[in-house]
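S.K.: Make a model of the complete structure from these sequences and hints.
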Amino acid sequence: MSGFILGLLAILIFIWYLTFSANRLDRLHHRVETSWANLDSILQRRAALAGEIAHLKEVDPATNLLLTSAAHQAREAEISERSEAESGLSEALKLLRLESDIPEIYPEVFGELDSITDRLRTAIAIHQESVTATQKRREKLLIRAFRLAGRAPLPVTYPFEDDVL
Amino acid sequence: MVSPYAWDVPGGVQAHVKDLAHHFLNEGHEVSVLAPALDEIAINEDFVVSAGRPVAIPYNGAVARVLFGPVAATRVRQWIARNEFDVMHLHEPAIPSLSLLACSIAEGPMVGTFHVAAPRQKVAFAIAPLLEPVIEKLRARIAVSEIARETLTIHLDTDAVVIPNGIDTSFFASAKVNPEWKREFTIGFLGRFSEPRKGLSVLMEAVPNLTRAIPNLRILIAGPGEGLEVMQSLNPNLRHRIVFLGRLSEEEKASFLKSVDLYVAPNTGGESFGIILAEAMAAGTAIVASDLPAFENVLGEGRYGLTFTNGDAIDLAKQIIKIAKEPKALAALREEAARGAMRFDWNAVGPEIMNVYLHAKGEAEKVTVGSEPRTWLRFLNREDKGDLS
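Going down the list, the sequences are from chains S and Y.
Numbering follows our numbering, in which position 16 of the first sequence is assigned residue number 16; successive positions increment by one, without gaps.
Numbering follows our numbering, in which position 387 of the second sequence is assigned residue number 387; successive positions increment by one, without gaps.
One or more of the hints may lead you astray.
Claimed, not checked - Here are the in silico distance ranges between beta carbons for each label pair:
id, chain 1, residue 1, chain 2, residue 2, range
1, Y, 365, S, 142, 28 to 34 Å
2, Y, 248, S, 13, 52 to 58 Å
3, S, 118, Y, 301, 20 to 26 Å
4, S, 118, Y, 153, 19 to 25 Å
Simulated from the structure, these hints should not be mistaken for laboratory data.
We treat Cβ as the ideally placed atom computed from N, Cα and C, and that holds for glycine.
M.R.: Dropping the structure here:
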């Protein structure tokens, strides 16, 4: 009889642990969603700003084209290519920043760009952290065996090159 | 915000919480702080809510007053339910105290700040698996220094954004010089000097060498503690050079830092940030500190203050004498220090922290008391998850 009770208890604890794990995973997924939403909105704002910069009258046509297309690509990119497209935009902006005197003419626009870049760096770090934590959790045997992740797709990291920023 | 340590006991974390709260209040945000308190009536800030009396335990070479237990848990629940916070900021959530408790109870946008820098500790490794499910609820982590971040990476296997502690630089820069503290060549020391890790004994060891080179030397020691023991360890002929000031108020501390010719921080370890150094820099004080990584960082690798080999009294004396003999270099050092302090001003640090809050906060989300497991709810409601990218 006592063996039966012990067995029941063990099963109960096991079920509790499963819910507990599922809960944790759910929370992590939510974290990734939030951090991605943030990162995405900042990237969108940067692309919009890049478009604005491209249409300043001092910008020569070639740079205009380069910036506009980079911003466009960054906006349209699929999630898996997003990082690459955004890096392209980073480089285009950096080029403009270093090789011309336009930043001096429009301190406001470029000041905003700098603050966006700062926030972008933090956003990337936070997103990276939440994604790695989630991926690590999902590798656990128990979680895979009981398919606790359900249909939620595995989050992908965002390998934005830091040195480009 | 939640503070893990008693509000009415002075300490780095509490001071940080208090200043941050004031900064955000001045900017027009709403702030409420939950903290343990020895004496609830003694709290005179109306944004502070007491969570009960803490217990004192020795930790990391200092005495930490922490709070845990069912009563505190109830207070946390009430506090969260009553306030509907947009973001909850937990300080030192890895310490078994109020912040950890709040973190395990709450659900929603949470940010954690890690202040402590500890070497590899077996205890910490042992409890890490227990902490993990709680700590991972934090949407974003802040470490106050590179060293605090390293501690976090080693012990809890997570990363953090580094944002230094903030100070009100103008408060220190505009402090009045107390002529009583400026008569001779004065060296200042501030801290709970009865704790060995504050390193007063290193400074005391250097005193004989110092007095030989600097005849008009005076050492001012401020901070709570009994000076008798320190005095007894010293040669009777040298005792008149040392003055104990006892505990100083914030204003007195600022004018103390402004008045002394040289501030010495001989701390031997356990220091994560060294806010006092940033404050001394803001007051435009020349600094000689032990070469702890945290201190090196604050002092800009020697640009804003000098360092000596940790624990080496002879090197300490050498550094002090060198700078004391050159008034020009001393003045230059003071100027550099004041400039270096600007990056710790709240006006630089506050927006950075607010930025992290915004990152942590999803759309129209509030901090709530975690109730029934969400999985069960979802199972019952058949709620579908959105696409996760």
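S.K.: For every hint, state whether the structure bears it out.
M.R.: Against the structure, the hints:
no.	hint	verdict
1	365(Y) x 142(S): 28 to 34 Å	holds (29 Å)
2	248(Y) x 13(S): 52 to 58 Å	holds (55 Å)
3	118(S) x 301(Y): 20 to 26 Å	holds (23 Å)
4	118(S) x 153(Y): 19 to 25 Å	holds (23 Å)
In this structure, every one of the numbered hints holds.
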